[in-house]
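Participant: The sequence shown runs 1 to 436 under full-length UniProt numbering.
Derived from the structure by calculation, the hints contain no laboratory data.
Any given hint could be a false lead.
Claimed, not checked - Straight-line C-alpha distance at most 35 Å; calculated DSBU-like pairs for lysine-lysine:
1) K52 <-> K314
2) K260 <-> K209
3) K305 <-> K279
4) K122 <-> K264
5) K314 <-> K301
6) K114 <-> K260
7) K114 <-> K357
8) K305 <-> K357
9) K114 <-> K55
10) K314 <-> K55
11) K314 <-> K357
12) K55 <-> K122
13) K62 <-> K114
14) K314 <-> K209
15) K357 <-> K279
16) K209 <-> K259
17) K230 <-> K114
18) K264 <-> K314
19) K52 <-> K432
20) K419 <-> K264
21) K259 <-> K419
22) K279 <-> K419
23) K209 <-> K62
24) K419 <-> K260
25) K279 <-> K314
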Amino acid sequence: MAKFLVNGGRALEGEISVSGSKNASLPALAASLLFSDAPPLFQNLPEIEDIKRMKELLQSQKDGRFDYEVAKKIRASILAVGPALARFGRSSFPHPGGCVIGARPIDVFFDGWKAMGAIVEKTPPSGKKPGFLAVSKPGFEELGGVHSIPIYEIRAPQGLRGCDFTFRVPSVTGTEGLMMTAVLAQGRTILRNVAEEPEILSLADWLNKNGAKIGGAGTHTITIEGRGGKLLSGQVPFLAPPDRIEAGSLAILGAIAAKKMTIKNFPENELTALLGVLKTARAEFEITHHDHSLFPSITLKRATKLRAVNVQTKEYPGFATDLQAPYTVLATQAEGVSMIHETIFEGRLNYVEDLNKIGARINLCDPHRAIVHGPSNLTGWNLEGPDIRAGLAFLIAALVARGESQIGNIYQIDRGHEKIDARLRALGADIKRMEA
1 MAKFLVNGGR ALEGEISVSG SKNASLPALA ASLLFSDAPP LFQNLPEIED
51 IKRMKELLQS QKDGRFDYEV AKKIRASILA VGPALARFGR SSFPHPGGCV
101 IGARPIDVFF DGWKAMGAIV EKTPPSGKKP GFLAVSKPGF EELGGVHSIP
151 IYEIRAPQGL RGCDFTFRVP SVTGTEGLMM TAVLAQGRTI LRNVAEEPEI
201 LSLADWLNKN GAKIGGAGTH TITIEGRGGK LLSGQVPFLA PPDRIEAGSL
251 AILGAIAAKK MTIKNFPENE LTALLGVLKT ARAEFEITHH DHSLFPSITL
301 KRATKLRAVN VQTKEYPGFA TDLQAPYTVL ATQAEGVSMI HETIFEGRLN
351 YVEDLNKIGA RINLCDPHRA IVHGPSNLTG WNLEGPDIRA GLAFLIAALV
401 ARGESQIGNI YQIDRGHEKI DARLRALGAD IKRMEA
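Using the sequences and the hints, build the whole thing.
Facilitator: In structure tokens:
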């Protein structure tokens with residue numbers, strides 16, 4: 001398995017551009033199933049593992065059914081199910097894979113599809129225990145000596161019809177999945193208490209340009225006028241916006257490790273919560289707007305004395321849960337005591353013990369809260385990235401730490417960040433990719 005070898009402590013200097021958004025590109029690719037046989041064009045997609053897996057998933061699709069071995073590798077496989085159901089009247093897939101960061105139930109999809117008239121049931125794969133697929137992945141129910149995950153079959157024998165559906169709690173992928181499903185349904189669908197993330201608005205705007213009728217994206221209520229099975233045109237290509245999570249993570253890195261680092265294509269308006277926290281923490285940065293670009297740039301320098309700030313993750317436009325782990329690394333370099341309160345996922349602080357191994361002083365109060373004492377002198381160590389965001393946080397910590405670090409399981413980092421090692425080397429980082 002590949003790993004990064006990092007010699008930390010170097011001041012970073014230069015320019016780096018934000019890649020296309022992973023979380024905007026994945027649902028857009030899934031939505032290609034809503035289009036006629038001439039597929040839409042996609043521009044500025046990030047060259048990352050999750051995008052490769054989604055393309056493989058869509059290529060494996062036959063009459064709404066997906067290859068189980070491909071689908072189980074990527075959490076975002078659930079996004080393709082709604083469009084497949086809407087187009088073919090059926091779909092089957094295994095329980096999605098992805099990051100191990102706590103419970104991420106998919107029942108919201110089932111509830112929404114049922115409200116549209118679909119039937120959802122588990123179905124036995126050939127030669128396996130009914131309703132389950134055997135895999136060699138820990139953390140799932142163990143049956144007959146092997147780990148297993150459920151297989152689901154969804155059918156709409158009478159077609160899909162519009163509905164009035166309220167989410168118990170806002171869900172980004174749930175909102176995207178049901179919104180895409182409703183595009184080809186018969187009649188009007190109203191989705192209430194939906195997520196407001198900008199990736200949802202990006203998806204809706206693009207679908208509307210190709211014939212969909214979606215209103216209210218970016219608010220708590222979305223209305224979709226279904227097309228009764230009529231496919232979209234695909235005349236307007238999808239242009240992936242800058243990845244706000246990568247942009248925020250790079251800004252955090254610059255605040256603690258840069259001599260002078262400029263981040264181009266910085267989605268300022270989508271990162272107001274982070275920028276507010278950085279300002280309160282006395283990070284040194286300046287935002288510059290350009291006539292020739294839709295997005296400004298931000299220039300950061302390592303702050304002389306960062307101040308501890310309490311952070312609580314929230315749904316957009318609050319502080320993003322995906323930035324929580326990188327910010328915790330910044331908190332280790334700040335003067336004072338910071339409270340990190342993770343309100344979205346109960347397993348997303350599972351990396352803090354590893355940060356303590358390299359010199360951080362973090363007390364894990366419970367699955368949702370951690371106390372960070374700073375500043376701390378971090379020292380190189382061997383770490384394994386458990387998921388995309390914690391993996392990048394470990395890389396940020398290694399760049400700040402003195403001495404040599406090895407970051408293992410970098411497949412997780414590659415899932416969400418395009419050629420991050422080469423891009424950081426261009427800033428002066430001492431980082432090497434070591435293949436197994």
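Participant: If a hint holds in the structure, say so; if it doesn't, say that too.
Facilitator: Here is how each hint holds up against the structure:
Taking the CA atoms of K52 and K314, the gap is near 29 Å; set against the 35 Å cutoff, the hint holds. Between K260 and K209 the alpha-carbon distance is near 40 Å, which puts this suggested pair outside the 35 Å criterion. For the proposed pair K305 and K279, the alpha carbon gap of about 12 Å is at most 35 Å, so the pair holds. About 47 Å separates the Cα atoms of K122 and K264, which puts this hinted pair outside 35 Å; it is violated.
For the given pair, K314 sits about 27 Å from K301 by alpha-carbon distance, which is consistent with the 35 Å threshold. For the hint linking K114 to K260, the alpha-carbon distance of about 53 Å lies beyond 35 Å, and the restraint is violated. In summary, the hint linking K114 to K357 is not supported, as the alpha carbons are separated by about 48 Å, beyond the 35 Å threshold. Note on K305 and K357: the hinted pairing holds, with a Cα-Cα distance of about 24 Å set against a maximum of 35 Å.
Taken as a hint, the K114 and K55 pair is honoured in the structure, with Cα atoms around 27 Å apart against an allowance of 35 Å. The hinted pair formed by K314 and K55 meets the criterion: a straight-line CA distance of about 31 Å does not exceed 35 Å. Of the supplied pair hints, the one linking K314 and K357 holds, its CA atoms being roughly 28 Å apart against a limit of 35 Å. Taking the CA atoms of K55 and K122, the gap is about 25 Å. The hint holds against a cut of 35 Å.
Between the alpha carbons of K62 and K114 the distance comes to roughly 22 Å, so the proposed pair stays at or under 35 Å and holds. Note on K314 and K209: the hinted pairing holds, with a Cα-Cα distance of about 30 Å set against a maximum of 35 Å. Proposed proximity of K357 and K279 is supported: the alpha carbons are some 29 Å apart, at most 35 Å. For the hint linking K209 to K259, the alpha-carbon distance of about 43 Å lies beyond 35 Å, and the restraint is violated.
Distance check on the hinted pair: K230 and K114 sit about 21 Å apart at the alpha-carbon level, within 35 Å; holds. The straight-line distance between the Cα atoms of K264 and K314 is roughly 26 Å, inside the 35 Å bound, and the hint therefore holds. A hinted pair counts as satisfied when its Cα atoms are at most 35 Å apart, and K52 with K432 qualifies at roughly 23 Å. In summary, the hint linking K419 to K264 is supported, as the alpha carbons are separated by about 16 Å, within the 35 Å threshold.
Only pairs whose Cα atoms come within 35 Å are accepted, and K259 paired with K419 is accepted, the gap being roughly 22 Å. For the hint linking K279 to K419, the alpha-carbon distance of about 29 Å falls within 35 Å, and the restraint holds. For a cut-off of 35 Å, the pair hint linking K209 to K62 stands: about 27 Å separates their Cα positions. Of the pairs offered as hints, the one joining K419 and K260 holds, with about 21 Å between alpha carbons and a cut-off of 35 Å not exceeded.
Between K279 and K314, the direct Cα distance comes to roughly 19 Å. Compliance with the 35 Å bound is thereby established for this hinted pair.
Violated hints for the displayed structure, listed by number in ascending order: 2, 4, 6, 7, 16.
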